[in-house]
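Chain residues, written in single-letter form:
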Amino acid sequence: MSFDITEIIGELAQGAIDEAKKIAVAALQEVAADAVDFVHKALPKLSVYMTQLSNKEITTEEFKDLMLGLKDLAQMAGLTQAGLAAIEIEKTRNAILKGVTSVALGAVNRL
Amino acid sequence: MDTKTLTKTILFAIVRAVIVGFGAILIKNGWVTAEQAGNLTSPEMLEAIVGILTVAGTITYSVLRTKVFHQAIVSTAQGDPVPVSKITSLPQTAVADAKGDSGVTGGNFVSVLFATFVAAALVSCATSSHFDQNTYNSAQSLKSESLSLMSKAPGAPPIDQIESLQAKLSAQLAYEQGKGKENLISAKQWEILVSPDYNLLGRFLADWKNDRKFSRNYVTGKTEQVSEAYDQIIRLEGAKPTN
Chain L
1 MSFDITEIIG ELAQGAIDEA KKIAVAALQE VAADAVDFVH KALPKLSVYM TQLSNKEITT
61 EEFKDLMLGL KDLAQMAGLT QAGLAAIEIE KTRNAILKGV TSVALGAVNR L
Chain P
1 MDTKTLTKTI LFAIVRAVIV GFGAILIKNG WVTAEQAGNL TSPEMLEAIV GILTVAGTIT
61 YSVLRTKVFH QAIVSTAQGD PVPVSKITSL PQTAVADAKG DSGVTGGNFV SVLFATFVAA
121 ALVSCATSSH FDQNTYNSAQ SLKSESLSLM SKAPGAPPID QIESLQAKLS AQLAYEQGKG
181 KENLISAKQW EILVSPDYNL LGRFLADWKN DRKFSRNYVT GKTEQVSEAY DQIIRLEGAK
241 PTN
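Chains as they are written, first to last, in my numbering: chain L, 1 to 111; chain P, 1 to 243.
Same shape as in the complex, but just chain L (with noise of 0.2 Å):
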């Protein structure tokens, strides 16, 4: 039996589009609860070394490496979120792989 191609190609988009919309969802779930913990745990900090600075507890240099810290500290916290959702396209895309793979064993039995 023949069968059409438009339709499997419509049915492997489709089921892309909704693994891509689950992982969207969640990845910017996750990335914007991250993003709001770090801030939680930044703004304290910050807070400490600006009293530290007034009570010269710490140098203006001590003050100025430490900010600079917590700004590397943030783009390690992005490079995980990346890392992650990067793990998470790449489950997706196993799972697409194999329904492919799957299309492409049962077309071909039908050759």
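For the record, the hints were derived by calculation from the structure and aren't laboratory data.
Glycine is no exception: its CB is placed at the ideal position from the N, C-alpha and C atoms.
Please note that a few of the clues may not be correct.
As the list claims (entries may be wrong) - Covered, in the sense of this in silico footprint (three residues per stretch, anywhere, with C-beta under 8 Å from a C-beta of chain P), are these stretches of chain L:
hint, segment
1, 57 to 63
2, 69 to 83
3, 87 to 99
We have chain L; now place chain P onto it with these hints.
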């Protein structure tokens, strides 16, 4: 030879010829080496093969849809021309036998080609490295060693211990960078932690070794930041899939 078999034979012969021809062109132009050609699992070869198959499939399908071509096949097989009305719905029933067999396999073949193309595109687009137990263990032990060393600040810099830790960190960074583009994110994290161009551990060790004077509050703050940075690295590595 019946019509279906004849069509199938011609179809596969065309595709085979195109693949062989394109493959030779790719090797001749240096786009794929002979060694890579022999290694079907290499990403470059896979992309090349899939590209060829896609082009071949498109060409073949287009040819099959040509009524003139199909009519020539059918009339050759049956000895008399088939009405055009019977060959307008490729690849479905134009050459189906009286028992409603599967007919021309062009549509099925293109479906296989498309599925193969999508599969190869997905395979060749690697996005994340896999979990590395060595990296995970190293991150844990280097974290412990780093925090232990930093606890000795703001005392006199223990040069030997600082240099020993710096050497280990450099080696770990090189190891992560050596894993290739799939590990770019983790490698960047290690770089931010280790390099004196940033403002975490690498900078701290370099300043301390150069006998910069620190306040105790500064050391406490920087130690917390270094600990957090290691935790980010460990968190990401721990989330990676295993092979």
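Here is what the structure says about each hint:
no.	hint	result
1	57 to 63	holds (count 4)
2	69 to 83	holds (count 12)
3	87 to 99	holds (count 7)
The structure is consistent with each of the numbered hints, conforming to all of them.
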